[in-house]
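**Student:** Sequence:
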Amino acid sequence: MAGWRIDVGNMTGRLGKDDLHDEVMHGIRKAMDETNPNAWLVAENGDFYASDLDGLGWHGAMNYQGFMRPLWNWINQNSHIGGGFQGLPFAMPRITGSQMVESMKSFTASIPWRSLVSSMVLLDSHDTARMRTVVNGDSNRHLSAMALLLTYPGVPSIYAGDEIGLEGAWGEDGRRPMPWGKKEAWDNDFFASVSNLVAIRKSRHALAEGGLRWLAVADDYILFIRESKREKVLVFISRTGVTTSLDLSPFGLRVERTLFGAKASGSTISIASKEATQGIWIVK
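Take the sequence shown: its letters are residues 1 to 284, numbered as in the UniProt record's numbering.
Just so you know, the hints here were simulated from the structure itself, not pulled from any lab data. A few of these clues could be false.
Using 30 Å as the maximum straight-line C-alpha spacing, the simulated DSBU-like pairs for lysine-lysine come out as follows [stated by the list, open to error]: (1) Lys232 to Lys284; (2) Lys232 to Lys183; (3) Lys202 to Lys183.
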């Protein structure tokens with residue numbers, strides 16, 4: 001992959017009263033398109049400007065606003081992590097599944113689809129607490145977050161060490177050395193599950209090229225489908241233990257094969273779990 005990530009993209013070309021942001025952004029994009037039309041231009045936009053993703057500037061951004069922040073608010077179990085809520089001096093809010101999905105839909109509606117799928121989706125970064133700390137050490141919740149990351153539209157970005165359960169309560173605290181020579185310190189079961197999820201993401205056409213439809217949303221779980229011309233992939237994510245039965249017949253769907261997590265077949269999915277859980281299925 002060839003490309004550039006622009007740090008603090010929302011402030012690029014801006015200093016005091018001088019604002020050359022659009023000129024600089026468009027100039028970078030023009031030069032990249034002329035040099036390598038397949039190069040990827042992504043920006044770290046701490047403050048979201050939809051106009052930056054109108055097709056003439058950045059291809060995408062780091063999707064804090066439309067993915068990470070709503071997800072944190074839904075899945076967190078550690079509202080008083082160090083540094084407050086992503087640098088703000090108050091505890092992290094807690095929201096329902098419906099509120100999370102509405103936040104994501106509102107963000108998605110504000111930009112072209114091509115900009116959404118060209119944006120990085122992330123659970124955390126070098127500037128934030130790590131997800132394992134956000135969920136207060138709950139590996140099942142962490143896995144639910146990771147499953148959502150690897151099935152949602154966009155470019156999945158895994159902060160090095162998240163795949164083995166590294167912790168960190170704020171940006172600098174999360175920048176811990178990777179314990180390469182100490183695999184006994186890794187969450188190896190979690191690592192194996194993440195490896196499976198990555199393989200699914202890489203092999204399924206619908207996850208790379210498909211659209212997105214939300215099929216069921218409750219306080220503690222979400223169900224959505226990714227559909228492409230080749231296939232349909234159904235995804236269930238919960239933040240807690242749940243007992244529920246989901247009827248797919250109104251959508252004309254039947255489970256053909258389980259790819260990950262809870263087993264299912266036919267037009268009904270039955271979930272009975274004491275912990276946060278996940279399910280990914282091929283449906284017809």
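**Student:** For a quick check of understanding: which of the numbered hints are violated here, in increasing order?
**Tutor:** 2
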